[in-house]
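> Let the hints inform the model, and build the full structure from the sequences given.
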Amino acid sequence: MIQFDRFTLSNGLRVLVHPDSATPMAVVNVLYNVGARDEDPSHTGFAHLFEHLMFGGSVNIPEYDEPLQMAGGENNAYTTNDLTNYYIQLPADNLETAFWLESDRMLSLAFSEKSLATQRKVVCEEFKENYLNKPYGDSWHKMRELAYQVHPYRWMTIGKELSHIEKATVQQVRSFFYKHYTPCNAILVVAGAVDTERVKQLAEKWFGDIPSGTLYERNLPVEPVQTAARQLTVKAPVPLDMFCKTWHMVGRKDRAYHAVDLLTDILGSGASSRLYHALVKEQPLFSSIDCYHFGSNDPGLLTIEGKLVKGVSMEKAEAALQVQLQKVIEEKVTDNELQKVKNKTESMIAFEDMSVMSRASSLAYYEWLVDATEMNQELGKYEAVSSASIREQARSIFREENSNTLYYLASK
Amino acid sequence: MPNRTQPPPIVDAVAYQLTLRPLERATLDNGIPVYMMNAGAEDVLQLEWLYPAGNSFESQNLVAATANFLLRNGTRTKNALQINEAVDYFGAYLNRSCYNEQASLVLHCMTKHIDSLLPIVREVVTESVLPEDELQLYCQNMKQRLEVNLRKADFVAGRLIDTYLFGVDHPYGKFSSAEAFDALDRSTLLRFYETHYQQAQPMLFVAGKIPAGLLDQLNRFFGDLPATPLNCPIHAIVPASTKKYRIDNDKQGMQGAIRMARLFPNRHHPDFIPAQLLNAVLGGFFGSRLMSNIREDKGYTYGIHSYLMNLQQQSAWMISTEAGKEVTEATITEVYREMERLRNEPVGEEELLLVRNYMMGGLLGDLDGPFQLMGRWKNLILHGVDEGYFYKTIDTIKHFSAANLQELAQRYLRPEDFYELVVI
Numbered sequence: 033m034i035q036f037d038r039f040t041l042s043n044g045l046r047v048l049v050h051p052d053s054a055t056p057m058a059v060v061n062v063l064y065n066v067g068a069r070d071e072d073p074s075h076t077g078f079a080h081l082f083e084h085l086m087f088g089g090s091v092n093i094p095e096y097d098e099p100l101q102m103a104g105g106e107n108n109a110y111t112t113n114d115l116t117n118y119y120i121q122l123p124a125d126n127l128e129t130a131f132w133l134e135s136d137r138m139l140s141l142a143f144s145e146k147s148l149a150t151q152r153k154v155v156c157e158e159f160k161e162n163y164l165n166k167p168y169g170d171s172w173h174k175m176r177e178l179a180y181q182v183h184p185y186r187w188m189t190i191g192k193e194l195s196h197i198e199k200a201t202v203q204q205v206r207s208f209f210y211k212h213y214t215p216c217n218a219i220l221v222v223a224g225a226v227d228t229e230r231v232k233q234l235a236e237k238w239f240g241d242i243p244s245g246t247l248y249e250r251n252l253p254v255e256p257v258q259t260a261a262r263q264l265t266v267k268a269p270v271p272l273d274m275f276c277k278t279w280h281m282v283g284r285k286d287r288a289y290h291a292v293d294l295l296t297d298i299l300g301s302g303a304s305s306r307l308y309h310a311l312v313k314e315q316p317l318f319s320s321i322d323c324y325h326f327g328s329n330d331p332g333l334l335t336i337e338g339k340l341v342k343g344v345s346m347e348k349a350e351a352a353l354q355v356q357l358q359k360v361i362e363e364k365v366t367d368n369e370l371q372k373v374k375n376k377t378e379s380m381i382a383f384e385d386m387s388v389m390s391r392a393s394s395l396a397y398y399e400w401l402v403d404a405t406e407m408n409q410e411l412g413k414y415e416a417v418s419s420a421s422i423r424e425q426a427r428s429i430f431r432e433e434n435s436n437t438l439y440y441l442a443s444k
Numbered sequence: 070m071p072n073r074t075q076p077p078p079i080v081d082a083v084a085y086q087l088t089l090r091p092l093e094r095a096t097l098d099n100g101i102p103v104y105m106m107n108a109g110a111e112d113v114l115q116l117e118w119l120y121p122a123g124n125s126f127e128s129q130n131l132v133a134a135t136a137n138f139l140l141r142n143g144t145r146t147k148n149a150l151q152i153n154e155a156v157d158y159f160g161a162y163l164n165r166s167c168y169n170e171q172a173s174l175v176l177h178c179m180t181k182h183i184d185s186l187l188p189i190v191r192e193v194v195t196e197s198v199l200p201e202d203e204l205q206l207y208c209q210n211m212k213q214r215l216e217v218n219l220r221k222a223d224f225v226a227g228r229l230i231d232t233y234l235f236g237v238d239h240p241y242g243k244f245s246s247a248e249a250f251d252a253l254d255r256s257t258l259l260r261f262y263e264t265h266y267q268q269a270q271p272m273l274f275v276a277g278k279i280p281a282g283l284l285d286q287l288n289r290f291f292g293d294l295p296a297t298p299l300n301c302p303i304h305a306i307v308p309a310s311t312k313k314y315r316i317d318n319d320k321q322g323m324q325g326a327i328r329m330a331r332l333f334p335n336r337h338h339p340d341f342i343p344a345q346l347l348n349a350v351l352g353g354f355f356g357s358r359l360m361s362n363i364r365e366d367k368g369y370t371y372g373i374h375s376y377l378m379n380l381q382q383q384s385a386w387m388i389s390t391e392a393g394k395e396v397t398e399a400t401i402t403e404v405y406r407e408m409e410r411l412r413n414e415p416v417g418e419e420e421l422l423l424v425r426n427y428m429m430g431g432l433l434g435d436l437d438g439p440f441q442l443m444g445r446w447k448n449l450i451l452h453g454v455d456e457g458y459f460y461k462t463i464d465t466i467k468h469f470s471a472a473n474l475q476e477l478a479q480r481y482l483r484p485e486d487f488y489e490l491v492v493i
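Taken in order, these protein sequences are the chains called X and C.
Numbered continuously in the numbering used here, the first sequence closes out at residue 444.
Numbered continuously in the numbering used here, the second sequence closes out at residue 493.
Derived by calculation from the structure, the hints in this document are not laboratory data.
DSSO-like, lysine-lysine: derived pairs with alpha carbons at most 27 Å apart: (1) 313(X) x 147(C); (2) 394(C) x 367(C); (3) 212(C) x 313(X); (4) 153(X) x 166(X); (5) 320(C) x 267(X); (6) 342(X) x 320(C); (7) 348(X) x 359(X); (8) 367(C) x 192(X).
Only a predicted model underlies this, so the values are computations on that prediction, with no experimental measurement involved.
The structure is reproduced here in structure tokens:
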């Protein structure tokens, strides 16, 4: 049970406090309600580029990192298709330094030409390192474009193409900032060796006078229901054929989400999972296989992805996979198998909750999703999943007309 | 309205008196040493069995790693699936890893399930049969994975730089190949398993919320095994005579993987601890000189790091980055320029205080939680140093002078000592 206090400043900034006296450290976590899905299709990669620019100096503080390091702290950030999250960990004595730094960059960035020019280059190198200069690195670019026709999950957080980043201007950066990086679009979580009264004072002092901004109303195009299977074959200089297939699934807030999550665990997580056992071990068709999803807020993709053993045809591998899917559609999972994935979820949550940093970011996430109290309901929701509801989800997801298949073939 | 141009006052982290929470030590009936860190609020446990079974002990490439991998893939009474199901059912993770000197089996589980899991671990370390079909499948999949990895410049660079430093026959420098997988045979693996697991004495590291009676349970399941202590053979280090390499791995490559490295003494040498402070200034964190210059000023790379390798016999000082193809040489030039600055000018007091505070703050955070504490203790134990080493580290971070750092840079950050490699 994670305890926390919660209050809202008059400018709309939501603040959560999670005291934990067992650590000498404090964590300050700021979540902004903006992700890659909020980008203009002709300027993709902005939410993530911003993650870099946020370290390039703010209106009153030329250097973000130096004063934090001087205070014994470290920080990082991540961007997803749904949200952007920044976090600092530092000795609790120096908590106010984190308030000073985070509030100034929420007030306004410095918008320096030099910082933008450098970070454009850095992000382009990141793009190359992770998506272009690696075998199969572009497979998710292709899969997203295949599976989504209108929803902005069509592109990855790094962006659709290098040129969108290369051409980013200070003017575009400025307007993106004032639209999304405002108190009413943010959630602040303070955790660790802190007390709520002190956090209240510091929050008022440093964040209280920042103009509220306009509440961002998300109005994204809804992906139409897919009615026919889609298939794409690409050839690239990779050593092995890769198979990737996705099916549309419910979004994170849907009541069926937890059943789908357990379904993916049953199929493809761990050495005792069905797909690994049947298709890697029993009949060696794949050299590796995984089943996963991203837990995205809007309806997402359940994915099965694997590399084929040399000499095995796509058709043969896919047919064997279909047998496994048919099984989960037709037969209920056993009590034992269901209990296994529930136990696994329970221990995963316990391990995650060991770190105060991870508790802080989870609180921010659940507050953003619906309400931070949900964090304590999560395990109960998994416990309540029945084998009937898993089968029901399998039936509704694993329909051919709901699927997108990518054959990523070795060109030779 | 707060004054935003004025930073709030801080407590310098160098002022902290850090202490390393003590470790409990025990010995099982057969002499197996057990180290315990009972801490943390969550009902979870981490148990590690560390065997003298690293690749230093093997007489044929990949034998140690393969024997370690196959531990979980079949015993006299259970096949791989049955073992995996038994572990997974309790939401536990049983991972194995093979290192240079040791090889390990690590169990993570909820404290309440430990009694159900210990018999499985015992079975794995006493009754594994390393089945032939599992071996064949492993080799097939590993060869395929290797083929993919060999297309990655960073993977290729990581292998090559180690061979330049230590020699291709040294455990730190040798690497896998399709031929080495093909040459494996089950009988050699079984002999290795017998000597280095069944008969050998492991060390046991236990951290988390430790239930009463756990030690008795460990004695019950592991206290009756042969547990013969084994000494790790020492292999000769044979560094390459050529220092500079440029490798063309991929004609379409967009980035070059750069590695620059020199040999460095191990933790018993008095320069090791101060070198960690110097390394932090050079490239050990986000605010380091390499990062500030090459990423934040020039934008040549997404990240550049330097570190002292965590090796027991002999360490090495490594600089590692992936930079745009057209700026790889410019990146190397800048790295040498930063070394030159450290040799020619003392680090400024302001910068040095920042690095000291940053390292102390990091230590404070690192000592948070049972697994982290155990990780630190285990490192001390494996390197054969005591907690005095930890306190020496803190003292060095706090007090080692800029003049002494400069002298250290003059001794070790000399371009002529560095191997230099670019793989595109």
